[in-house]
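Protein chains in written order, with this note's numbering: chain A, 1 to 246; chain B, 1001 to 1246; chain C, 2001 to 2246; chain D, 3001 to 3246; chain E, 4001 to 4246; chain F, 5001 to 5246.
Be careful, since some hints might not be right.
Stated by the list, open to error - Pair by pair, the computed Cβ-Cβ distance ranges are:
(1) F:E5165 / A:G29: 53 to 63 angstroms
(2) F:D5152 / A:V188: 55 to 65 angstroms
(3) B:E1165 / D:R3187: 33 to 43 angstroms
(4) F:D5090 / A:V188: 56 to 66 angstroms
(5) D:V3188 / F:E5067: 32 to 42 angstroms
It is worth saying that the hints were derived from the structure and are not from the lab.
None of the values given here were measured: they were computed from a predicted structure.
Every residue gets a Cβ at the ideal spot worked out from N, C-alpha and C, and that includes glycine.
Residue strings, one per chain:
6 protein chains.
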Amino acid sequence: MRIVVTNCNTTRAMTEEIVRGARSAAGPGTTITGLTPAWGPESAEGWLDSHLSAAAVLDALRGYEEEPYDAVVMAGFGEHGREGARELLDVPVVDITEAAAHLACLLGRRYGVITTLDRSRGQIEDSLYTAGVAAHCAAVVGTGLGVLDLGDERRTTEAFLAAAERARVAGAEVLVLGCAGMTGLQRVLGDRLGMPVVDGVGAAVRLAESLVALGLRTSRAGGYARPRPKRRTWSAPVREGGWPGR
Amino acid sequence: MRIVVTNCNTTRAMTEEIVRGARSAAGPGTTITGLTPAWGPESAEGWLDSHLSAAAVLDALRGYEEEPYDAVVMAGFGEHGREGARELLDVPVVDITEAAAHLACLLGRRYGVITTLDRSRGQIEDSLYTAGVAAHCAAVVGTGLGVLDLGDERRTTEAFLAAAERARVAGAEVLVLGCAGMTGLQRVLGDRLGMPVVDGVGAAVRLAESLVALGLRTSRAGGYARPRPKRRTWSAPVREGGWPGR
Amino acid sequence: MRIVVTNCNTTRAMTEEIVRGARSAAGPGTTITGLTPAWGPESAEGWLDSHLSAAAVLDALRGYEEEPYDAVVMAGFGEHGREGARELLDVPVVDITEAAAHLACLLGRRYGVITTLDRSRGQIEDSLYTAGVAAHCAAVVGTGLGVLDLGDERRTTEAFLAAAERARVAGAEVLVLGCAGMTGLQRVLGDRLGMPVVDGVGAAVRLAESLVALGLRTSRAGGYARPRPKRRTWSAPVREGGWPGR
Amino acid sequence: MRIVVTNCNTTRAMTEEIVRGARSAAGPGTTITGLTPAWGPESAEGWLDSHLSAAAVLDALRGYEEEPYDAVVMAGFGEHGREGARELLDVPVVDITEAAAHLACLLGRRYGVITTLDRSRGQIEDSLYTAGVAAHCAAVVGTGLGVLDLGDERRTTEAFLAAAERARVAGAEVLVLGCAGMTGLQRVLGDRLGMPVVDGVGAAVRLAESLVALGLRTSRAGGYARPRPKRRTWSAPVREGGWPGR
Amino acid sequence: MRIVVTNCNTTRAMTEEIVRGARSAAGPGTTITGLTPAWGPESAEGWLDSHLSAAAVLDALRGYEEEPYDAVVMAGFGEHGREGARELLDVPVVDITEAAAHLACLLGRRYGVITTLDRSRGQIEDSLYTAGVAAHCAAVVGTGLGVLDLGDERRTTEAFLAAAERARVAGAEVLVLGCAGMTGLQRVLGDRLGMPVVDGVGAAVRLAESLVALGLRTSRAGGYARPRPKRRTWSAPVREGGWPGR
Amino acid sequence: MRIVVTNCNTTRAMTEEIVRGARSAAGPGTTITGLTPAWGPESAEGWLDSHLSAAAVLDALRGYEEEPYDAVVMAGFGEHGREGARELLDVPVVDITEAAAHLACLLGRRYGVITTLDRSRGQIEDSLYTAGVAAHCAAVVGTGLGVLDLGDERRTTEAFLAAAERARVAGAEVLVLGCAGMTGLQRVLGDRLGMPVVDGVGAAVRLAESLVALGLRTSRAGGYARPRPKRRTWSAPVREGGWPGR
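Same shape as in the complex, but just chain A (with noise of 0.2 angstroms):
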């Protein structure tokens, strides 16, 4: 089957990591195609990168034609469009923050998220409840790294380790990584602290696969029904002198 993984942002290096790490998490058969918007953020870090993040992505994957798929997981941690992405397409949507909470739940009793960014905590606190999954979450942890400085891997270990340890003492029993393209970070962590650390783009891609596999869609009976045909504008005008609006 085909797989859709969107980036989150405009960053193709990012789209690129998100790729290798849902290949390697990907079933035998399953091919991974990575979508990257033509417009948005650079890097996705709090609600207003969030909301042009969301309209951006759906843009993207309204456009996009090339192939035929079977699902999508958008790589965005704890960024808004999940919803949209649901009426909009046929077949299967899957977020990385609902994924990796889902998988988490299956391993202990309680889990904690590390993000990079303390200020991107009430998003995923908000994504986590909207998807149904944060009963069992025990904290959301910030480790004060911002995405674009996630390249040094030692700085960035230490700071994973001394949230993770944050997290621990809420009472995390699993760690969920709360950003994409790090697969190879859950690996270290895992090592180093003992404990289960799920990555949020191969437990959707996992569960995408699922879907697919037993013949699941999304319902199409209430909240996520087709989008009703109307006038949809999907980039500004081109402005000469005063700005429209009033």
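Here the structure of chain A is known, so what remains is to put chains B, C, D, E and F in place on it, guided by the hints.
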């Protein structure tokens, strides 16, 4: 003071109706300016529209430089974008969804929301929850009418009365109008139901005035810190031939 | 319009301080009248005082007939009586506990309440819950100061700053002053903390003005129906010899 | 041991009925003394009555010095005052609302409360919540009867049977009688419904006996510390001419 | 990989049916082995059966040594034993109750569970709650059929359709089959209802495969640490004359 | 009346200690009979032990026919089996976990549970939740001691005092002893902490006496209906050669 009231869709007639309602609610000395996004959906009905609307409204707000203003009212009931606007702007931001609920809590033990399509219920429930005011919501009831069908006043009134009865049975003692630009309806319903009916636009204008008058601004200590400086593209490029993104 | 602001205790100096705060917050054209119960506790600190205060405040309200008024603000933080006043009166009733929380929710993701004695925390938690605004309360922190110790400004400020720090660590992005008549303190704390600080008296006055301006009144459809006509004795008979009651 | 059972209103006939119920439930060696407040409402139906009742009951308790006693049962279903009495007294205090719920939880997965007027539902819900026993309450159902209408036994029984059916549909497996002094009714309902029916007065007497027998007393470490010494006026002054308080 | 699927009762025909369902859901390269407890109830319907089943299933698992295996699926819907198996085994354990709920959350905003007897609802609610996936459960509805009555396909289908309608009215957008070994029914219901229907056995097999493929194992850091070494007797002694135990 | 108190493990010395505690708490005219399961774990520490214990205790109860009895107390703190016993027996069943919490709620605003091993915290939290009394639990704290280490009184006392301090910091005003057979410890802790300390065995005996005295029995209308007649095997068949089950 000046309050900018943003419509969540591109239909200017609706902006004008919202502005009328806002002006009729505003205190002496308050100037209301309407803002219509330059792109986005012509009406917001569902998650896809909501995510698209959020980015378009934020784009309109970041670009708005006509005159200085003291607060922003976001006039999309149950739509996304509220938190992004709080990050973006240095003035208070009040969303009509939360505003109506805040005032409703002061008028009775439980309130009910009457909205247009059933499909919007989930977004409204999530929006009330993430705003911290869901606890006393007894029910969110749909009328089955689309936003653009609200023109037919008699049909609209009957549909809202029927939905109001369902909310009352569910425990509501106060009603919230779950959509913008229906000031007239509010009065009719109130008279026929013998219950207070809260319109979000009026509520938000008064709450915004209150915050400004008390010198209160959005906290920057935490989730609503200023957006980080970075490269953000706010609009889809004109597409020639193949789609970008892989 | 005229707003009657009721103190929850019999100390007139505190009524005057509360009235000063209310007047500094009120809009143009609003007249503030203070009301001090003729009986009850000299300060409300704990459940016993709160229950006594509730009856005394209701007795004062039912007997108040000087001039017509448009709304009532109940200025006891965490004290009982709010719902009884809503039954008793035909004008909107706003309690400073809920009022501060309502505005705080508009300014940050989580708020914290700083109050006087630790023993009051339970009442405040219950009052926020029963008002429907507890969801975003990160912590209620006591300073260890009694209501009547608040005179010593320097000591008070230091105690509140220490408590504010604990609230911030618990996740608060906005602070609520958990007692009445401390408008000065609000400003000092705001400057030193770099966080918005909400004073319940000002918040309640503005919310009461908003309800009146929008023509909204307490719902009579349910819990706050008018009190049933019956024999009620509001004061103890003169006691001669043995205690009555068996 | 001696248990003082306080009525929440001034109607002595009701105190006597409550005392009869308490005596029929009490263990050997327990003496029941009834206490009727010297002031307050003739029946408690709604928030205003409840707040008035709380102060009057506390006034009666603080003045009660006839004989030493070992525990207090507060016999107002859903009425205020419980926490104040715990502060005031050195003996255990059990309220019939919480008592009935505690025992009901031991008899089935969910319980339902059947009360008099619908308007009392909110108070009962809040009282169960603040007592920590609301989680298994499936419904609080009103019969539409006032406290003083309960004389007509046949009508009362039919009204309670109808309400019980609604509670059963809502998931109740056990019923709680949501008012005091109806021991007879409890038996009739139990037989006709084939479900256990818990009377709060009997439950509270047995729980009070249990606490005394186990040597357990209210914790002073926290919310129920002894009231602070201060000036408290428990009664309205005789009014001459103008109303005091400004 | 090899997955051991345990029936919760001693009826081998049911084990075989469950194994058929598991095999039809399993991925290529997965071998399914069925395990039937040597003792316990012939069907699990209620708490007593569930507690008996849990011990018998754990006894079967601890004694299972035929071949190495990679994961265990526990195929009793709403039955106990899940956490004990996680302590006991070094491979991932997935229970069909939680598994169905996890996948259902990915397909719609709210899901409903349709089970056999009404008496099982409480166990299922508790099992979903303790697994951390109850938040989006709109209703657990019983069909009134016993486990062993499920043979009559037409009657079963009608009963499930009627229950499904009740779940839909309660807000369910996705259905979960609340019992094992009904793969056929799943397809029929899905077609007739136009809603996704999740079978727990298939869901659990896919989730177990996912955990194994991702190298994730139950956390030993906390609640699921290995059982302490001690004397455990797994079976009642043969009884001669008087009963042991006092 | 006669109350049967069941130990959750096979260690008779512990049964005797529990019986001593039960007798010291029982009212005049109550006879306590201890029951030790004929099989199961020698101590219950963790989920596996708990599931094994539940079946063994139910087996002991169903076989108990010495003398008639009026109620059962289940003396395993946080162990399973409570609901199965309610189905099985026609007399009231009270579990010491819930019993201690019910009485603790009457003594302070929040209670804390002090137990042996940290690994037991999850079971206790779940048991309090499913019993409907978790709302006021401030914390469940482990001492790090195993059930069979409780012999060393001095070490045990110090460990419990340290844990109690952690519970107090978390908001506990009342303590619950999270294990059976420690009546002595209860007194020592109470004196040293100045807080009420509730022992589950004593609490359960008094609650059981109360239910019996009030003529209250487990509801058969719903979750606790009588077990359905069917074939149940309570012990493993003698194994010859290969293991049964496939």
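Verification of the supplied hints:
1. F:E5165 / A:G29: 53 to 63 angstroms: The hinted range 53 to 63 angstroms holds for E5165 (chain F) and G29 (chain A), with Cβ atoms some 58 angstroms apart.
2. F:D5152 / A:V188: 55 to 65 angstroms: violated, 42 angstroms
3. B:E1165 / D:R3187: 33 to 43 angstroms: holds, 38 angstroms
4. F:D5090 / A:V188: 56 to 66 angstroms: The hint (56 to 66 angstroms, Cβ to Cβ) holds, given that D5090 (chain F) and V188 (chain A) are roughly 59 angstroms apart.
5. D:V3188 / F:E5067: 32 to 42 angstroms: Hint holds: Cβ distance 33 angstroms, inside 32 to 42 angstroms.
In summary, the structure is inconsistent with hint 2 from the numbered list given earlier, while agreeing with all the others.
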